[in-house]
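Novice: Please build the complex by placing chains B and C on the supplied structure of chain A, with the hints as guidance.
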Amino acid sequence: MSERTFEVVGTRPVRHDGVDKVTGRAAYGADANWPGMLHGALLRSPHAHARIVSIDTRAAAAAPGVKAVLIGADLPDTHATISLGEAAMDVRDMSHNLMARDKVVYHGQPVAAVAATTLDAAREALGRIVVQYEVLTPVLTVDEALAPGAPLLHDDLVTKGAAVGPKTGTNLAGRYEFKRGDVAAGFQEADTIVEREFRTATVHQGYIEPHACIARCGEDGRAVVWCSTQGPFVVRDATAAIAGLDAAHVKVIPSEIGGGFGGKIVVYLEPIAVALSRKAQRPVKMVMSRDEVFRATGPTSGTKVHVRIGARRDGTIVAARVSLWYEAGAFRGSPVGAGAMCALAPYTIPNFFIDAHDVVVNKPKVAAYRAPGSPMAMFAVESVIDEIARELKMDPIDLRLKNAAAEGDQAAYGPKFGPIGLRAVLDAAKRHPHWSAPVGPNQGRGFALGFWFNGGMNSAATITLGADGSAAVFTGNPDIGGTRAAQAMMVAEELGVDVDRVRPTVADTDTAGYTDVTGGSRVCFATGMAVIQAAQEVREELKRRAAKMWNVAPEQVTWERGRVLPPAGAKDAKSGADAQPLTVAQIAARMTHTGGPIVGRAALYAPMAGPGFGAHICDLEVDPETGRSRVVRYTALQDVGKAVHPSYVEGQIQGGAAQGIGWALNEEYVYNRDGVMENAGFLDYRMPVASDLPFIDTVIVEVPNPLHPYGVRGVGEVPIVPPLGAVANAMRSATGIRFTELPLSPPRVLEQIAGVDARREGRPGTVAVGA
Amino acid sequence: MKLHINTTINGEPAEFLCDGHETLVSALRNTLGLTGTKEGCSTGDCGACSVLLDGRLVPSCLVLAPEAHGRSITTIEGIASGDTLHPLQRVFLEDAALQCGVCTPGFIIAAKALLDANPNPTEAQARFWLAGNLCRCTGYDKIIRAVLDTAATMNEAAAV
Amino acid sequence: MATVYLPSGFAQFTGGVESVAIEAPRVAELLAALRTRFPALADQLDEMAVAIDGTIYAEPGYQPLRADSDVHLVPRIAGG
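Protein chains in written order, with the numbering used here: chain A, 13 to 783; chain B, 155 to 314; chain C, 8 to 87.
Honestly, the hints are just simulated from the structure, not real lab data. Since we're looking at a predicted model, the values are computed, not measured. Just to be clear, a hint being listed does not mean it is correct.
[Said to hold, decoys possible] Beta-carbon label-pair distances, calculated as ranges:
1) Glu30(C) with Pro178(A): 47 to 57 Å
2) Asp258(A) with Arg42(C): 43 to 53 Å
3) Arg37(A) with Pro32(C): 48 to 58 Å
4) Ala601(A) with Pro32(C): 43 to 53 Å
[Stated by the list, open to error] Stretch by stretch, here's where chain A covers chain B in the computed footprint (C-beta under 8 Å, at least three residues):
5) 196-209
6) 219-232
7) 251-265
[To be verified] Residues from chain A that keep clear of chain B, each with C-beta distances beyond 10 Å, as calculated:
8) Arg24
9) Asn45
10) Glu146
11) Leu158
12) Arg192
13) Tyr219
14) Ser703
15) Pro759
All C-beta atoms in this analysis are idealised placements derived from N, C-alpha and C, irrespective of residue type, glycine included.
Pulled out of the complex, with its shape left as it was, chain A reads as follows (with noise of 0.2 Å):
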């Protein structure tokens, strides 16, 4: 790609939705109120795994206020399936996940839904609802879901992929295989061989907006449905399979979205919500509290990693073994295929078997959680690798260096690397300050990789000039943290016209061409490019149309700018002066004599953006007397390609890391033996607060993309990536402990610490504290 310098791609301007995000004044999921709209609520199951005798509804029904009430038998039975844009889900299970039919399978899936006209009411007719259960044992874990004789979640469960065991009567989804060379062979070669077992928790995307939506549904079945999704195709899709209803009669219009990081894909509120309005034909507004947040949508699966790495004395890594098993909730499609095909990504391994079990477990369904997969991955390699580089007292860094891919290494999921930043980023790693800066006193600093695919897809935009050249340009994507600017960016960088006059919109289902989710890192890669392509349309419009106003061929005049320059000797038609060149406001201006209304439209469907790579230094310092920890000095870097708005390029490293740290050091769903989420809120599930952490530095390294005009390859999912193995790695430098079980909270931090100084002190025994 040749050196393209940019005027307005690279700068940092006011985000054009950010004055209606600072006074309040942007509408959220629940922030719009329709005439005469009732209130849905549900009913939700206290098992984690029963039967469902029977259901009695005619009390609820009865009550006062209640104008509809809605269960499982309401609503088709469709085994469909329906593109999430990246992946396909059941809509079958997808239904049942948002209502039970005759079982349910994790505490807190619902069961009922009542719409009436107050909350209150609504809520107050859900205790007149009389559910009789036939309750099982629920099985937690992969291990319990695994072991002979577990109780089975789904008779009719078969697994998928390369199975080796008997394929029905198993809560085992899904398994699947990568390999390469000669494992047993690559393992005799080598020098050293380190192999553990990790564990990492049940967490949660944790956005700060709770699911909500409006819809209503007319006497004509037509459907209008508000609501905060990062998808409004899938939601459209989804709630007409769903709620039985043609995807042409539904409309869905998307608020502003209050975060979502992969659990806004699918739908867990709008059918109901059209469904119970169909009944009642009145509007259903519904919005879940964050008790229901917790227990019943997107966590991401808890996992088992089992990992076996073997090196050469000089650090050449020479063979690999990988078992993941992880939880898929309640309906299978866990992200186990990606945490395989991310495990190894980094390096070059000659030889190394993955195997990957998709488990369903009594838990609510997983949602796909930012780079879905590969944190748990890579957390267990980047801990291994780590204990490699010990052994062999290397640095960190140096031994990546020494394995690290490169543009014609083939991947270890498959096909080769075109041009990536891996190297980059290491060489910026190992030069920054922080990486040879002192470690304080109970401190230690750890060091890990991230990687990523990032993703294409669909993707479409329209670009209207107004005859003052200024330009309206609108998308099919929710704008999570910054799109929109970045879109504005991109026309005015191919018009040059002032990114201010710019005006970037959402659009819902009907006026957007369809457009895949925000998500998979591909809005600026994807939707940019269709931008990127409509703004060039436009621009051979205003050749043409300057042209015109010179009567000579558009291939004669030329563009610089913002310009549209004459050839040589043009007269301008009307006035028969020598011809001057053009601005855009000048050509806009003239647009209903030279042909009417400029508009430029792009639609395209971009493959996967590809590989993401980033790098992160931890400094965590470890209170002996109490376990706690805390991050004391962060930097993470990662190749972007090309950073479009720097500012909201740092923001999103700067909450993936965050989003990890959280992660690694104290965010799990904690279970009682009946299934039961005991922590479902935020008091108790603890994430990240603005005290718990440092500034996080972050350096932006770009290795053009070939497959974007700018170079762009997506940033937002690589950077919850590291911090998982990065803050262990830390902890291991801190204490002398390797953890293999995530979250590093201090009651486990402090039972390791106590028994490592019983072992010491040749006590008997380790001593527990807290756990």
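Specialist: Relative to chain A, chains B and C alone:
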């Protein structure tokens, strides 16, 4: 039996009817249409519903609506003066201190309370004061910088 | 002829074959040829993405192939 509440909101007299058990955040959002105050948890843990009650920072999900009677409330809608943004609002935009923006009203209210009480906070003071406000997008980096930058700007302006 | 590399986990559907050369102008024709040659593989192919010379397409149907393209079948990846 609804209660009739007379209060002051963003400097203007206001009145509304509510049930005795209704929360202030519900009255603000659902009865008075002031949806800039967000509800993220309803248990006082996330700070999205932060408002000032007689100048004191409170989570409005833990205040009963009837408690507003005879008191003065400031919400995000009352932070700007006329067509001029409050310095916090302006600097939040300049420093890109928001991503999804749903926690932003609560942060701006909480940061205003901080700067009202302590016009020159240290980084640690800002972090601990704002520890009651959750943000899941930013890692707090740019939020803390924006609050410290605002303090510096306001102090400069005051010194002129 | 394009060379197709099959994931090792598919050995049970391909009789152990790990790569195969196929003459096909586009991915659609290539996948059709694979289905004919390995009928047991057909169900698995529906859930695969295709990497053509290093670039991954989740829905690759009519992507053209070069005479010497390297084609890898890889599981589809869902982002967040």
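Novice: Output the numbers, in ascending order, of every earlier hint that fails for this structure.
Specialist: 1, 2, 8, 9, 13 and 14
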